[in-house]
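S.K.: Residue strings, one per chain:
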Amino acid sequence: AQSVTQLGSHVSVSEGALVLLRCNYSSSVPPYLFWYVQYPNQGLQLLLKYTTGATLVKGINGFEAEFKKSETSFHLTKPSAHMSDAAEYFCAVSDPGNFNKFYFGSGTKLNVKP
Amino acid sequence: DGGITQSPKYLFRKEGQNVTLSCEQNLNHDAMYWYRQDPGQGLRLIYYSQIVNDFQKGDIAEGYSVSREKKESFPLTVTSAQKNPTAFYLCASSGMGHQGEAFFGQGTRLTVV
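One line per chain: the protein sequences are W and Z, in this order.
Positions 1 to 114 (this note's numbering) are the ones given, in order, by the first sequence.
Positions 1001 to 1113 (this note's numbering) are the ones given, in order, by the second sequence.
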């Protein structure tokens, strides 16, 4: 079975600072990789995804992530944090042998300080 | 607009009662899922279905039941056997055989009173 590890359950940055949220997965075969954002009492919204091709993926709201196979990582970054980025972020993978089973990390809450 | 609709948004249940959470999608997706979310624990898979009239247990299926009689609908029943049902429940769907992401509903917050 796949597993997803998000380092840091809470991350705090100042407005305008770099955002870095870490995600590592365990898989012998590269999976499909996703980042979602969740605002309080709402569902999850897709930020970006990696399936094949270019390993640097750009998403919505200025976020991007890089798939590094050698490090089994898919860290999420944004050059300059905005107050509206404060939310919880989830990394997820899907099993290439079973495209429709998703595994989620435990989430990272991002706090943005003015 | 296409999407997933969960209802109700908030639900209160007395101990010992069964309750059913609704999930409907008009995305023509074959696969549907139910997740439970508790603070600090991320999303845990309760049940999933890849095709009509078929479904599989996820990691925490005890105390829950589902049905998949129509492609568009995947209701979740929280039974009295579920010892700690207070949580936020999320329904999702995805297309089969694609590099597709899961699409989520807005969630149902269930509280036992």
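If you are wondering where the hints come from, they were derived from the structure by calculation, not from laboratory data.
Just so you know, even glycine gets a beta-carbon here, dropped at the ideal spot from N, CA and C.
Any given hint could turn out to be false.
[Unchecked claim] So the derived label-pair ranges between C-beta atoms look like this: (1) Pro40(W) / Gln1017(Z): 34 to 44 angstroms; (2) Glu15(W) / Thr1005(Z): 31 to 41 angstroms; (3) Phe1012(Z) / Thr52(W): 20 to 30 angstroms; (4) Asn1018(Z) / Glu66(W): 31 to 41 angstroms; (5) Ser14(W) / Thr1005(Z): 13 to 23 angstroms; (6) Glu1015(Z) / Lys69(W): 30 to 40 angstroms; (7) Met83(W) / Arg1109(Z): 51 to 61 angstroms; (8) Leu46(W) / Lys1009(Z): 19 to 29 angstroms.
S.K.: Please write out, lowest number first, the hints stated earlier that are contradicted by the structure.
M.R.: Hint check: 1, 3, 4, 5, 6, 7 fail, others pass.
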